[in-house]
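Following the hints, complete the assembly by docking chain B onto the known chain A.
Protein chains: 2
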Amino acid sequence: MIVTALTEMFGLKHPIVLGPMGGVAGGLLAAAVSNGGGLGMVGGGYGEKAWLETELALVKANTDRPWGAGLITWSIGEGVLELVLAAKPHAIVLSFGDPTPYASAIKAAGCKLICQVQDVAGAVQARKAGADLIVAQGTEGGGHGGSRATLPLVPAVIDAVGSVPVVAAGGIADGRGLAAAIMLGAQGVLMGTRFYATPEALGHDQAKQRIVNACGDQTQRTRVFDIVRGYDWPNGYTGRALHNPFMRRWDGKEKELAKEIPVERPAFWEAAGKGDYETAMVWAGEVSDLIHTVEGAGALVGRISAQAEAQLRIADKVLRP
Amino acid sequence: MIVTALTEMFGLKHPIVLGPMGGVAGGLLAAAVSNGGGLGMVGGGYGEKAWLETELALVKANTDRPWGAGLITWSIGEGVLELVLAAKPHAIVLSFGDPTPYASAIKAAGCKLICQVQDVAGAVQARKAGADLIVAQGTEGGGHGGSRATLPLVPAVIDAVGSVPVVAAGGIADGRGLAAAIMLGAQGVLMGTRFYATPEALGHDQAKQRIVNACGDQTQRTRVFDIVRGYDWPNGYTGRALHNPFMRRWDGKEKELAKEIPVERPAFWEAAGKGDYETAMVWAGEVSDLIHTVEGAGALVGRISAQAEAQLRIADKVLRP
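Each protein sequence line maps, in turn, to chains A and B. Residue numbers for the first sequence follow the numbering used here, so the first one is 1 and each next one is one higher. Residue numbers for the second sequence follow the numbering used here, so the first one is 1001 and each next one is one higher.
Here chain A stands alone, though its shape is the one from the complex (with noise of 0.2 angstroms):
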């Protein structure tokens, strides 16, 4: 058993967090992984009511473990946090942006704030914003990120924000990565791909089966599928995703892409719609080399852990007094 920070805030069998991925870290996967020890997260995305209310209400109903939800934060429309804190989650990630403005109204509903960072400067936004945790987010992962790679960011953050306890993420996908977080001084790691290929993930099949066949130099991090799904994100942020044909056309072309949106743009969304992956996006990190199968996400949990606890003994092997 691995005992964090991490570990003792929530109650948790595991230091491990679903990353809370958009439209993929449904109530189903964030109630997998709660009741397998980890800490379950709904992915928010860009705020749709509906949706969050479907989700919140199934990992409710589908677990009693702690479990928390993530919002992209420049994107939170009006209301849409008081949806989420009315479910009562155990956690908050806010990701993308400055979380000041949402920080008391998530701490006076008795919920943890967790802060997604992705520099040392958001690092110490967050801590002023009174984060119960932060997660520095490596630009290896799948998804929106920035550009700090996780193994030297991990250890600069740690310096920057004092006691708050920090957690790693971007390219960890199995007990390796954990132990090596671990090391780095974090108190565990957030996983988003290695959660998209479970059977709990929501998303199309063929989306998984491509994570499982990619390797990691086959993602590359891009705009064009926030430029023709009309997501106007802020400056530093890009998605990464698996190589596909749409992203070879238009990548380098994006003010082209531009001016085509009236075609493009009905085209992604049937294209995104029956899991055409040509042209839709697959979000993947690098560490699709390390993710073999779709398993279940509970037990996926418990032999990450274990996987890493079996590497953090090799220290012993490799120390001479």
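Derived DSS-like pairs (lysine-lysine); straight-line CA-CA distance at most 27 angstroms:
id, chain 1, residue 1, chain 2, residue 2
1, B, 1255, A, 255
2, A, 253, B, 1253
3, B, 1112, B, 1128
No wet-lab data here; the hints were simulated from the structure.
Only chain B this time, still in chain A's reference frame:
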């Protein structure tokens, strides 16, 4: 003491390799790292013979411990490998290109072949070429590199190359990074930027001071310094440097820079010669956050290894029966 396949291969006290930084890792720095218990490296860069003769003589005169030299594979000119092998290094690091044409000469000289790779495909190529050791180098490292990040790349390379020992590079500057690398399954680390900020490194004091003062959010991968200098790097490789006005002026305007070479190139070399780093580059990785002083390279090797030992011992604290 940390004992791994790396320390056993060369009889080292510490599992730490000096990054063969061109023009920075001269004979005195290489000797200091070797004398400190690590594996020093002369940075052969683009293979300038007069420079190599001077620095190879210096390393031989200043240490009787094992040491090596690094070359940029795609740039190896006639007679350069022979010149280096004649100095009887214990290891040669080949990076950035196919090592196969050079492998047999290196091994025939009784020298270990170390291949530094930036992706899984490169690791498989290195294994087939007969590499004795593979360095998996992440994009967060300073100077030239690829696009994959260290944390997910190292375990993916380990899984791909079977019994060949792997060393982690990129994003490591202290004992936390070394301990994390060992948890990933690596046999040690190769560090560049951390050793740039030492008195023994070649280069202007102002460059070293800029690394000490910078934070990791202030580095970027770019081609502008290669274009202005006229080095025709193959696709896929860029150099990570500290932000400066020259980079800000030309990044994204590489084609315009190429047209201004008659003016910009002599101005650049003049700036580089006098240590004007508003124009010349300081190659540096994202670990600049973790570097607070210019300090002696030999003591640094021991201090980082001792910090890693202490960090590895926290495994016992987080594990509960």
